[in-house]
Amino acid sequence: MKKGILTGLVALGLSVGGAAWADYPMDDEITFVIPYSPGGGFDTIVRQFAPALGEAMGATVVPENISGAGGARGGQAVHRADPDGYTIGIYNIPGLTVNEVTGRDQGFKLDEVTWIANLAVERYALAVKADSDINSVEDLCAIGTPKFSDTGATSTASVTTRISMAIIGCEIVDVTGYAGSNDSMIAVISGEVDATIKPITSLARYLEGTGSGDLKLILTLTEEEAVPGVASATDIGHPEIAQFTLNRVIGAPPGTPADVVAALEAGFAAASQSESVISWAEGAGVELDFMGAAETTAMMSSLATFYQEYKDLVGTSE
Amino acid sequence: MGIDALLEAFLSVLNGGSLTYLMVGVMLGLTFGVIPGLGGTTALALLIPVTYTLSPLDAMYLAGGVMGATSFGGSISAILLNTPGTAPNAATTFDGYPLARQGKAGLAIGASATASALGGLIGLFTLLLFIPVAREVVLSFGSSEFFLLTILGLAAIAVSVRGKLLRGLVAACIGLLLAFTGANQFTGDTRFTGGLDYLWDGIPLVPALTGLFAISQMIELALKGGSVADDKGDKSGAEKMKITGVGLGILSVFKHWPVLLRGSIIGTVIGAVPGLGGTVAAFLSYSSTAQTAKDRDTFGTGNIKGVIAPESANNAKDGGSLIPTVAFGIPGSAETALFLAILVLHGMEPGPSILLQNEREIYGLIVALTVSAISASVLGILLSRFLVLITRIDVNIIVPVVVMLSLTGVYVLEGRMADVLLTVIMGIIGYLMIRFDYPRLTLVIAFVLGEIAERSLHQVRLISEGEVIGYMLGRPISVILIVAIFITFLLPAMRKLRLPGRGGGAR
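Chains as they are written, first to last, in our numbering: chain V, 1280 to 1597; chain A, 3 to 509.
Incorrect hints may appear among the rest.
In silico SDA-like links for lysine to any residue, alpha-carbon gap of 20 Å or less [what the hints assert, rightly or not]: (1) V/Lys-1408 <-> A/Ala-136; (2) V/Lys-1426 <-> A/Glu-147; (3) V/Lys-1426 <-> A/His-460; (4) V/Lys-1590 <-> A/Asn-186; (5) V/Lys-1590 <-> A/Thr-189; (6) V/Lys-1426 <-> A/Gly-476; (7) V/Lys-1426 <-> A/Leu-141; (8) V/Lys-1426 <-> A/Gly-468; (9) V/Lys-1408 <-> A/Ser-142; (10) V/Lys-1426 <-> A/Glu-469; (11) A/Lys-296 <-> A/Arg-497; (12) V/Lys-1388 <-> A/Leu-198; (13) V/Lys-1426 <-> A/Thr-189; (14) V/Lys-1408 <-> A/Glu-138; (15) V/Lys-1408 <-> A/Leu-141; (16) A/Lys-498 <-> A/Phe-488; (17) A/Lys-226 <-> A/Pro-100; (18) V/Lys-1426 <-> A/Ser-142; (19) V/Lys-1426 <-> A/Met-474; (20) V/Lys-1408 <-> V/Ala-1421; (21) A/Lys-226 <-> A/Leu-391; (22) V/Lys-1426 <-> A/Glu-467; (23) V/Lys-1426 <-> A/Arg-477; (24) V/Lys-1426 <-> A/Val-470; (25) V/Lys-1495 <-> A/Leu-141; (26) V/Lys-1495 <-> A/Ser-355; (27) V/Lys-1388 <-> A/Tyr-200; (28) V/Lys-1408 <-> A/Ser-355; (29) V/Lys-1426 <-> A/Tyr-473; (30) V/Lys-1426 <-> A/Ser-466; (31) V/Lys-1408 <-> A/Ser-466; (32) A/Lys-498 <-> A/Ala-157; (33) V/Lys-1590 <-> A/Asp-191.
Keep in mind the hints are simulated off the structure, nothing from the lab.
The task is simple: from the sequences and hints, build the whole structure.
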């Protein structure tokens, strides 16, 4: 008899549990963790997506900034949360991947995160001063140990610069320590350094046609021609450096149930199609690139393998 | 073209609703400024999500109102409670507080209000003059100039701690030690973090400064008891209750106009250099004024010029910090960074063409800053009668209120409990420094400058391929800065040589 009651309770519990997941999202707020302070790129994309996501899912989405430790602290907060779909976060990829490869303990493992979606992608390009005689990577390397500019040694742009130039076989000096990515581009304009590798959207404001015309591109880190008249990675014979991208990836705590993942995935898919998000992305020059859970998870593991391969180059600046 | 846009912005701000946002900004700015631990950055960070629903221009008015009013608000607490409301007001305590204790708080507030408003206006005027050449200005400041400016700041420390050189150096070294905590920008390694990931990004500025200045002063006041403007049996209480001297304070700024002008110029220049900020500007203005003044021995005991110098500088800094913004769309200060964030949030992308694309917003901000600087000061003068009463309140009431507000403010900024803990620890360190007479501002200046100094030296080394000195000597602005550093170092020695001729006796 007792056993029967127990079975009954378990069955009841299961059915209640099942019902709860099926009902997800209920009235509860969905906390959307931003691992940086208000105002940056991650903050902006989350605040643009949050209302559209809420509408798509019939829930209230509340962005919450939990900054610190280079984005690791926000990731930890998501990691510790209940895997019930009411806490999700945006991740700095491949920044966190690079940290993990260099052996830094971030308080959580990226392969334990339940990946939901990839919202946007940014591609890199190599820029030099517009009025310089340098018109190709070959020209640049011919000047002998060209100087590049970056923010921190562990920044994604710096890692991208060092690894891709090593793959190309060009010895460089990467001058790190600039206060922001804009400052590092201005260092090229003022002639303090020779070149810089930055996301194309960031460089756009200094290019002819889209901005001030102080800089010009000599290479895009893409497989195919991304900017008319500018060589791609394939053109210079190193298509592998097109793997360097900057991604806005969404994840949830480890062990988030599959139907919750599916609901969130559908919510983000709908949000990235929404009018408000699309018009914002156009205005801000953001390349929306929606990927679902399976595709995002696959991308994360291939990124980890990719950076592991170049582990020795990831760590230092000189 | 610029003048047209400016006039248009002025007219539109006077129209209807916009002024409301601006005035709300001014009130918020004053309040956040007065409360130690809360400052312009906190106010703007909290406002960012709110501005999401506003039109970009109204968001600018709100932000400009806040930015223009905080540092004057901060000077009120600096003068009345010896607790700078925001970090840049730290230098104002040196002479502002002694004045308040002598019952001359009205004089100090009047001077601070006027210096703030005029300094702010001079800074903005300079900005307008510089707009056509802003690009050249920004491009001529490279890593080499950044490094030399930090050295100039550090050199000023050495000469400003008169008679307490050893203590000053100890404080500065502790400041440098704190500055070097966290990730090394060159190797990516972390230093002095003791395994705490909290320290990866370095020691955060706001909690550290709030602890050092606000909490420590509250410990000091609590242990002392009584009220700030203590009756030491000199004058009768009733006489001190009267607020006199506000008008004299206003006049004193015009009387000491060279101090105002110097402070404004220092503030504008330092403001234009990203990362240096109002604290350094105010300190440099104070120390250079105190160094060169004929009556330099009265500084620190209630010299009104000691209030005018830092207050004009930390308001002029706002105009200066917009120079890199109008040139390249990059922030010159924490506040302008948040201002740019507001633009981003409204789907605009600030860049080097910001003046063309966001002309309305930029001029809107300039107008807002102008109106804010003036109205905050007028408001401050009108309210000074009541504000001064703070110095008569029993510290047993003041201390818990200030401690609670400042710890809450520190927590609100990032939502980290560790920040609150750090504030308390720094508060205890700060109190020990007061108790044993070590200069706290010296620690802070070294703390602010240390990291930039290290970074830019590394950069110059890489850029110049090891030929640091040769590289610097090839850059005109660098040469000027090197000369300034030498003068700063040699000034006290030169004065000593001249002193016997004047009959000496000073100090």
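### Message
Which constraints among the numbered hints does this structure fail? Numbers only, ascending.
### Response
Violated hints: none at all, because every hint is consistent with the structure.
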